[in-house]
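Protein chains: 2
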Amino acid sequence: MSRLDIKHGIIEMGHGSGGRASATLIEELFIRHFDNSLLSQGNDQAAFNVPAGRMVISTDAHVITPLFFPGGDIGSLSVHGTINDVAMSGASPLYLAASFIIEEGFPLADLEAIVISMARASKAAGVPVVTGDTKVVERGKGDGVFITTTGIGIVPADVDISGDRARAGDLIIVSGSIGDHGIAILSSREGLEFGTAMESDSAALHTLVAAMVADVPGIRCLRDPTRGGLATTLNELARQSGVGMRIKETAIPVKAEVKGACELLGLDPLYIANEGKLVCIVAPEDAERLLTIMQKHPLAQNAAIIGTVCTDAQQMVVMATAFGGKRVVDWLAGEQLPRIC
Amino acid sequence: MSRLDIKHGIIEMGHGSGGRASATLIEELFIRHFDNSLLSQGNDQAAFNVPAGRMVISTDAHVITPLFFPGGDIGSLSVHGTINDVAMSGASPLYLAASFIIEEGFPLADLEAIVISMARASKAAGVPVVTGDTKVVERGKGDGVFITTTGIGIVPADVDISGDRARAGDLIIVSGSIGDHGIAILSSREGLEFGTAMESDSAALHTLVAAMVADVPGIRCLRDPTRGGLATTLNELARQSGVGMRIKETAIPVKAEVKGACELLGLDPLYIANEGKLVCIVAPEDAERLLTIMQKHPLAQNAAIIGTVCTDAQQMVVMATAFGGKRVVDWLAGEQLPRIC
Chain A
1 MSRLDIKHGI
11 IEMGHGSGGR
21 ASATLIEELF
31 IRHFDNSLLS
41 QGNDQAAFNV
51 PAGRMVISTD
61 AHVITPLFFP
71 GGDIGSLSVH
81 GTINDVAMSG
91 ASPLYLAASF
101 IIEEGFPLAD
111 LEAIVISMAR
121 ASKAAGVPVV
131 TGDTKVVERG
141 KGDGVFITTT
151 GIGIVPADVD
161 ISGDRARAGD
171 LIIVSGSIGD
181 HGIAILSSRE
191 GLEFGTAMES
201 DSAALHTLVA
211 AMVADVPGIR
221 CLRDPTRGGL
231 ATTLNELARQ
241 SGVGMRIKET
251 AIPVKAEVKG
261 ACELLGLDPL
271 YIANEGKLVC
281 IVAPEDAERL
291 LTIMQKHPLA
301 QNAAIIGTVC
311 TDAQQMVVMA
321 TAFGGKRVVD
331 WLAGEQLPRI
341 C
Chain B
1 MSRLDIKHGI
11 IEMGHGSGGR
21 ASATLIEELF
31 IRHFDNSLLS
41 QGNDQAAFNV
51 PAGRMVISTD
61 AHVITPLFFP
71 GGDIGSLSVH
81 GTINDVAMSG
91 ASPLYLAASF
101 IIEEGFPLAD
111 LEAIVISMAR
121 ASKAAGVPVV
131 TGDTKVVERG
141 KGDGVFITTT
151 GIGIVPADVD
161 ISGDRARAGD
171 LIIVSGSIGD
181 HGIAILSSRE
191 GLEFGTAMES
201 DSAALHTLVA
211 AMVADVPGIR
221 CLRDPTRGGL
231 ATTLNELARQ
241 SGVGMRIKET
251 AIPVKAEVKG
261 ACELLGLDPL
271 YIANEGKLVC
281 IVAPEDAERL
291 LTIMQKHPLA
301 QNAAIIGTVC
311 TDAQQMVVMA
321 TAFGGKRVVD
331 WLAGEQLPRI
341 C
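One line per chain: the protein sequences are A and B, in this order.
Each residue of the first sequence is one higher than the one before, counting from 1 in the working numbering.
Each residue of the second sequence is one higher than the one before, counting from 1 in the working numbering.
Hints were generated in silico from the structure; no laboratory data involved.
Just so it is clear, the structure is predicted and the values come from calculations on it, not from any experiment.
A couple of the hints might just be wrong.
Treat identical chains as interchangeable: a pair holds within one or across any two.
Distance condition first, Cα-Cα at most 20 Å in a straight line; then the derived EDC-like pairs of lysine to aspartate or glutamate [stated by the list, open to error]: (1) 141 x 190; (2) 141 x 103; (3) 141 x 12; (4) 259 x 199.
Construct the complete structure from the given sequences, taking the supplied hints into account.
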């Protein structure tokens with residue numbers, strides 16, 4: 001088979017035909033970099049053994065723009081995002097499936113850079129991409145590349161984490177500073193500079209979650225506050241559990257650069273997307289112990305208790321502001337930052 | 001929450017924000033129609049119990065145009081396509097995950113029609129959509145809607161089907177007429193009429209596969225000849241297994257309308273996509289019994305033995321033509337029918 005000209009080549013419609021050009025692309029780009037025995041078998045599905053027990057599945061489409069940004073790219077993001085969605089059930093992620101929708105004319109060199117980054121993130125996390133699919137759409141019918149990843153994982157026997165398990169009296173923990181991802185994307189998109197360079201917090205949180213559930217298997221809720229930010233995630237959990245939440249603005253970690261950028265642009269860090277943070281709701285008697293465990297992990301050194309769950313028929317999230325007032329923190333309305341993930 | 005105006009409304013960027021508009025869309029369209037307890041829990045992943053054993057995962061992006069075609073639409077196709085990829089391992093499909101990439105301005109009425117069709121196909125197959133994701137891209141950065149589905153399934157204990165298991169002497173079976181899907185799409189796309197109306201063969205093949213493996217667990221290879229058609233699928237299997245194949249043109253079922261359309265358009269039915277057919281490679285002693293079982297299933301009444309596997313260092317697929325000659329059947333080169341699935 002003719003080899004790909006990765007340096008100068010572009011994606012052509014034939015790369016999505018299912019014929020010879022598709023096979024070449026799959027072999028020389030995807031199988032080569034993802035490099036695992038399940039994928040290289042060349043079947044339309046990957047088979048593996050599992051023990052009896054509880055499993056989870058999660059899927060996420062990634063349409064972020066720009067494709068390359070400070071702290072990551074669509075490849076690493078699509079690995080981290082789905083690993084995190086799997087991990088937020090307390091599960092240990094096993095495998096990823098990846099589907100690519102590529103626009104005709106997309107440079108093969110860019111595609112390779114994305115696949116290499118994806119493979120690196122997947123190997124670093126120990127979660128291989130074992131099956132996939134590639135489609136090509138005509139120029140002007142896509143936007144470079146969209147990547148949907150789907151992950152599966154195994155939930156430890158004594159863990160039962162779900163958004164509907166928060167109870168009045170529980171404490172709310174966030175694993176670190178909020179808004180980093182959104183502000184990094186926004187600044188790279190608009191060519192803005194906010195003093196120091198902001199990087200996305202994009203990271204795989206499954207080892208943090210594993211450490212958390214190993215010590216506190218009774219964690220009630222875990223969720224990563226991506227699109228819609230911390231504010232929307234808290235509202236989702238309040239609604240699913242039928243509770244209210246009371247949080248303290250001064251307790252929420254926000255980096256000075258993010259705070260500055262938000263003030264400048266009229267944005268609220270509570271609504272800015274994160275890709276390497278989690279929100280945890282836990283019984284009060286477990287909270288301090290869990291916080292200590294989290295702070296020992298490199299991805300949660302700045303974890304903080306930010307509020308409490310309360311009885312509230314209206315399921316409101318209310319924040320005590322830094323100025324001593326109170327403010328209802330609603331769901332994100334409209335769209336602040338399109339295509340952030 | 002405000003209700004969706006499905007009749008007159010369109011997709012706006014806010015429907016992909018992860019905020020209130022996203023939640024409304026998910027509740028009133030996806031959760032409502034897919035209608036199962038795992039999805040309605042509202043978590044970012046679905047959890048379920050499995051027995052110990054062998055599982056498979058498969059993923060497929062669907063970018064077909066037009067979105068609605070004779071015999072189906074992108075919704076039913078995205079269910080059938082992934083169920084089939086799971087089933088081609090001999091597995092019984094368990095669950096589907098679905099990710100939608102929707103173009104701003106897409107009519108909600110069309111989206112609902114697609115989701116209803118998808119839900120119907122999923123319910124008919126007994127394979128629920130248990131988790132999903134929705135992203136929105138700006139006008140001109142997508143093309144209506146793209147749907148990636150991922151399926152998981154459980155492989156029966158004594159089944160070991162893989163593209164690398166064909167051996168010289170094995171027989172090759174196709175489950176029915178080839179080319180129906182591609183010609184139906186092409187005719188609806190170009191507004192062509194070929195005498196009678198052609199319909200796509202889009203169908204879920206897992207109950208056919210279940211009947212096949214129940215009787216002949218030793219089936220060597222199964223694959224659905226989608227993009228690239230029968231010719232490309234046979235070449236893939238020949239290459240994976242390191243064998244050659246000898247097929248007989250007169251044994252391959254092709255409907256008269258497909259034959260006629262192909263002659264008119266200069267196409268070859270061997271390269272036309274199918275969405276409800278499978279190729280099976282089986283030991284010679286099992287072939288007749290398996291064929292009889294297949295022909296009893298409504299989706300394989302016209303199943304036929306079309307050739308044999310042979311030793312061939314060059315891994316060629318050679319066809320005895322209807323005119324008594326011989327012809328090498330190569331992989332699909334280039335792109336005959338873009339965006340066929």
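Hint by hint, which ones does this structure get wrong, listed from lowest number up? Every hint satisfied by this model.
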